[in-house]
Amino acid sequence: MSTHAIHSRDEALAGGLAFAMHVLFLVLLVFGVSWQHKQVDTAVIVDLWRDLPAAAPPKIEAPTPPPPPPEVKPEPPKPVPKVEAKPPPKPEPAPAPKPDIALKEKQEKERQLKAQQEAEAKKKLAAEKAREAELEKKKRAEAEVLKQKLAAEAEATRVAAEQQKARDALAAQQAAAQAKVVDEYKRRISEKIRRLIVLPPNVPDNAQVEFRVIVLPGGAILDAPKLLRSVGSVPAYDAAVERAIIQADPLPLPPDPALMRHFRELNLVFRPKD
Amino acid sequence: MSVLSLISGASLPVQLVMAILLLASLFSWYYIFLKVFTLRRTEKQTAEFERQFWSGADLNDLFQRAVNARDSAGSLERIFESGFREFTKHRREPGTDVGALMDSTRRAMRATYQREMDKLESSLSFLASVGSVSPYVGLLGTVWGIMNSFRGLANVGQATLSHVAPGIAEALIATAIGLFAAIPAVVAYNRFAGDVNRLAIRFDSFTEEFSNILQRQVH
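If you read the sequences in order, they're chains A and B. Going by the numbering used here, the letters in the first sequence line up with residues 1 to 274, in that order. Going by the numbering used here, the letters in the second sequence line up with residues 1 to 219, in that order.
To be clear, the hints were calculated from the coordinates, so they are not data collected in a lab. Be careful, since some hints might not be right.
Quick list of in silico lysine to aspartate or glutamate cross-link-like pairs, EDC-like style, CA-CA up to 16 Å [claimed, not checked]:
{"no.": "1", "chain 1": "B", "residue 1": "K119", "chain 2": "B", "residue 2": "D195"}
{"no.": "2", "chain 1": "B", "residue 1": "K119", "chain 2": "A", "residue 2": "E134"}
{"no.": "3", "chain 1": "B", "residue 1": "K89", "chain 2": "B", "residue 2": "D103"}
{"no.": "4", "chain 1": "B", "residue 1": "K119", "chain 2": "A", "residue 2": "D10"}
As the structure is a computational prediction, the values presented were derived from the model and not from experiment.
Please work from the sequences and hints to get the whole structure.
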């Protein structure tokens, strides 16, 4: 081979290898970066697993019922070897007395026949027994499987009930937390208004006014507050509270818009003493 | 945000820099593989010829074989051939003194040696310049990209990390490609320079030893 041929072959090989090298680089780069992205995604998923462990046990218990059948199966073969083992010893003694007289031989033959018949009868009996035993065992195994199924079902219902309980408890907790937040914001609203009340003179301590306010989602007050119960003796106090309510616009509302329904219509009660 | 989208989303100068670097990387790998093959072959041929030469073969036989297989002859074989040719030519002329004969033989071998070394060292300088320059070219692309992303940031009222990060990641790809091109080139250059040096020493010592053998033949 001349140097030229070798050189051109080398050049082609080198070009191909260089190209392959760059394809490899590119693949590594792309896959390396996308792999990192996948990791970030899994980190987000983690939170969702918190409630699931309670649901896992029934799944693990469900596959357990199958094992019992293998435990039952190895037993039936036992009676079969017993049946086979019994007949051989009986024919064996027969050949020994052969040299005796013909009568004896006949008797012997009869005896042998009898023995054989007996042995066959025994075999049949044993086989029947074995069959019966197998049937019984099958029945027992079926009963066991049924029992286990029932148990598994009971377990599943129990677990479901527990989960339901847990869910109810969670819902109750959430409701309690919501109620807390609602109370907190109601307190803040009345406090904000109370700070703005300019108390007129001569208001009796037991005076009590009640206003109904319609609140918009932003916390703005729709229309003028409606007077539900007036003090009667001191109309100046009613006017002072109404002014304070109008000044308090916008009212403080919780950031969660789901709680807005608790604040749509507010009945506010004010006493000069609080 | 995949690498491909980063590359396609970069500004035109940065993309140009990336293209130059990719080309440089392709060529440097091409030369790396080419050099690996030629150097390995030269080393094998040199070892083979040295073995033949020192096993006591007849010099005329060796010369004849080298002339016949001139196309596939190795560097050392060519050096030997040119030296021996010059020696036999001069020796036939009557009245040449030993000094002049040896000088011309050595000059002939020197010329072939230099030609062979030039062939072995070719494109090593390309690897060296890719190794030293491509990080700077990549850095230029990065600086340009970051400059652009900061200029774009000036138009945004509130600068957040999500405004700056994609631009900088785009720009940094240029540096990454530059380093991808440079690192193998530098490693290969150092390796090949050492290999060529060792071959040169082998050729040199062979030249000296062969001159001695020829000089002894004259007497």
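*If any of the earlier hints don't hold here, list their numbers in rising order.*
Those not satisfied come down to hint 2.
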